[in-house]
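Residue numbers (full-length UniProt numbering): 1 to 162.
Hint data in this document are derived by calculation from the structure and do not stem from the laboratory. Glycine included, each C-beta is placed from N, C-alpha and C at the ideal position. Just so you know, not all the hints are guaranteed correct.
Claimed, not checked - Between beta-carbon pairs, the in silico distance windows are: (1) H60 to Y87: 37 to 43 Å; (2) G33 to G97: 24 to 30 Å; (3) A94 to R17: 35 to 41 Å; (4) D35 to V93: 17 to 23 Å; (5) G97 to S49: 28 to 34 Å; (6) Y87 to V32: 26 to 32 Å; (7) D71 to D112: 35 to 41 Å; (8) D68 to D112: 23 to 29 Å.
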Amino acid sequence: MLSIDRSIVEAIVAHARRDHPDEACGVVAGPVGGDTPTRHIPMDNAARSMTFYEFDSMEHLRVWREMDDRDEEPVVIYHSHTATEAYPSRTDVAFAGEPGAHYLLVSTREPDTEEIRSFRIIDGVVTEEPVRIVDAGVDPHAVQSYMFGQSPATVDYECSGS
1 MLSIDRSIVE AIVAHARRDH PDEACGVVAG PVGGDTPTRH IPMDNAARSM
51 TFYEFDSMEH LRVWREMDDR DEEPVVIYHS HTATEAYPSR TDVAFAGEPG
101 AHYLLVSTRE PDTEEIRSFR IIDGVVTEEP VRIVDAGVDP HAVQSYMFGQ
151 SPATVDYECS GS
């Protein structure tokens, strides 16, 4: 399962809409070994194509070196499909070179809605996975309780041996 912050998803969708009708592409980096996407890195589609994306080789090198310097790795590699569903094409599968990454696809074929899906692509095998969008400011595991000025009642337990 890919757990990703809502603000990162919104930034990816905005990038995809901005580059439409060309495919948008980029990376979301995170701490090495953590599987937690934390830093959105939009990249240029060197192919400038409506049906294909390609990282600029110099930008690719710079971004991967920067991630290495920051002890990060590519947790998510994303791109958009502008006229088809959010599912990896044969070309996407052939070029998927990061077996530990989540491959996030955004379809911008509909002007008012986005289709967002995530996949693992390992040795040419595509496996869809759920996407859990979280809000960074809200701890989903936090338990909150409120007493609203009431004090807890004291309970006496009386135990008798008979």
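Here is what the structure says about each hint:
Between H60 and Y87, the C-beta spacing of about 24 Å breaks the proposed range 37 to 43 Å. Between G33 and G97 the C-beta distance comes to about 19 Å, which lies outside the given range of 24 to 30 Å. At about 27 Å, the beta-carbon gap between A94 and R17 misses the expected band of 35 to 41 Å. At roughly 21 Å, the beta carbons of D35 and V93 sit within the given window of 17 to 23 Å.
For G97 and S49, the Cβ-Cβ distance of about 19 Å falls outside the hinted range of 28 to 34 Å, so the restraint is violated. Distance hint check for Y87 and V32: the Cβ-Cβ separation is about 29 Å, which falls inside the suggested range of 26 to 32 Å. A hinted range of 35 to 41 Å holds for the C-beta pair D71 and D112, which are about 40 Å apart. A beta carbon spacing of about 40 Å between D68 and D112 contradicts the range 23 to 29 Å that was offered as a hint.
Of the numbered hints given earlier, the model fails hints 1, 2, 3, 5 and 8; all others are met.
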